[in-house]
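> Sequence:
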Amino acid sequence: CLPSRQLSAGFSCVFRTRTEHSYKISLASTTLALQLLVIYIDAGFGKFSDPAGSWRHDADASALDSHLRFTPTALFLRTLLGWQGMRLAGATTVCVELLVVPCCFL
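According to this note's numbering, the sequence shown is numbered sequentially starting from 1.
No lab work stands behind these hints: they were computed from the structure.
Predicted model, so just to flag it, every value in this text is computed and none were measured.
We treat Cβ as the ideally placed atom computed from N, Cα and C, and that holds for glycine.
There could be a bad hint or two in this list.
[Stated by the list, open to error] Label-pair ranges, simulated between beta-carbon atoms:
| no. | residue 1 | residue 2 | range |
| --- | --- | --- | --- |
| 1 | T79 | V101 | 38 to 44 Å |
| 2 | F70 | V96 | 34 to 40 Å |
| 3 | A43 | G82 | 23 to 29 Å |
| 4 | A61 | L36 | 26 to 32 Å |
| 5 | C95 | A33 | 17 to 23 Å |
| 6 | P51 | V101 | 22 to 28 Å |
| 7 | G85 | T31 | 19 to 25 Å |
| 8 | S49 | L80 | 38 to 44 Å |
| 9 | F76 | I25 | 37 to 43 Å |
| 10 | S66 | F45 | 15 to 21 Å |
| 11 | L34 | H57 | 29 to 35 Å |
| 12 | T30 | H57 | 31 to 37 Å |
| 13 | D65 | A33 | 31 to 37 Å |
Required output: the full structure, derived from the provided sequences and hints.
In structure tokens form, the structure reads like this:
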């Protein structure tokens with residue numbers, strides 16, 4: 001939602017707040033929000049339905065283990081989290097992608 005003076009003419013919805021500022025939602029910003037929502041839900045569902053179950057908190061091998069090996073920051077995070085922390089972080093990732101991100105768009 002951008003202030004109306006920052007948007008050019010085109011498809012938009014106008015909203016007024018209690019402080020009487022006018023906001024418009026453009027087709028482009030709506031499409032971007034929907035695209036992000038679809039990406040996160042698709043990623044979360046893909047992780048949730050993983051046949052190996054590597055994104056579960058009780059997985060034998062954490063899915064994050066393969067992601068946190070190649071950069072200094074990732075190696076630091078891997079050391080900081082430890083084995084159990086990586087397993088819990090993987091499960092938390094799925095929950096955030098499926099539950100929290102869609103709530104941000106309400």
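> The structure should be examined with respect to each hint, and the outcome stated for every one.
Hint check:
no.	hint	result
1	T79 to V101: 38 to 44 Å	28 Å, violated
2	F70 to V96: 34 to 40 Å	23 Å, violated
3	A43 to G82: 23 to 29 Å	24 Å, holds
4	A61 to L36: 26 to 32 Å	29 Å, holds
5	C95 to A33: 17 to 23 Å	21 Å, holds
6	P51 to V101: 22 to 28 Å	24 Å, holds
7	G85 to T31: 19 to 25 Å	37 Å, violated
8	S49 to L80: 38 to 44 Å	29 Å, violated
9	F76 to I25: 37 to 43 Å	40 Å, holds
10	S66 to F45: 15 to 21 Å	20 Å, holds
11	L34 to H57: 29 to 35 Å	30 Å, holds
12	T30 to H57: 31 to 37 Å	35 Å, holds
13	D65 to A33: 31 to 37 Å	32 Å, holds
Going through the hint list in order, the structure does not satisfy hints 1, 2, 7, 8.
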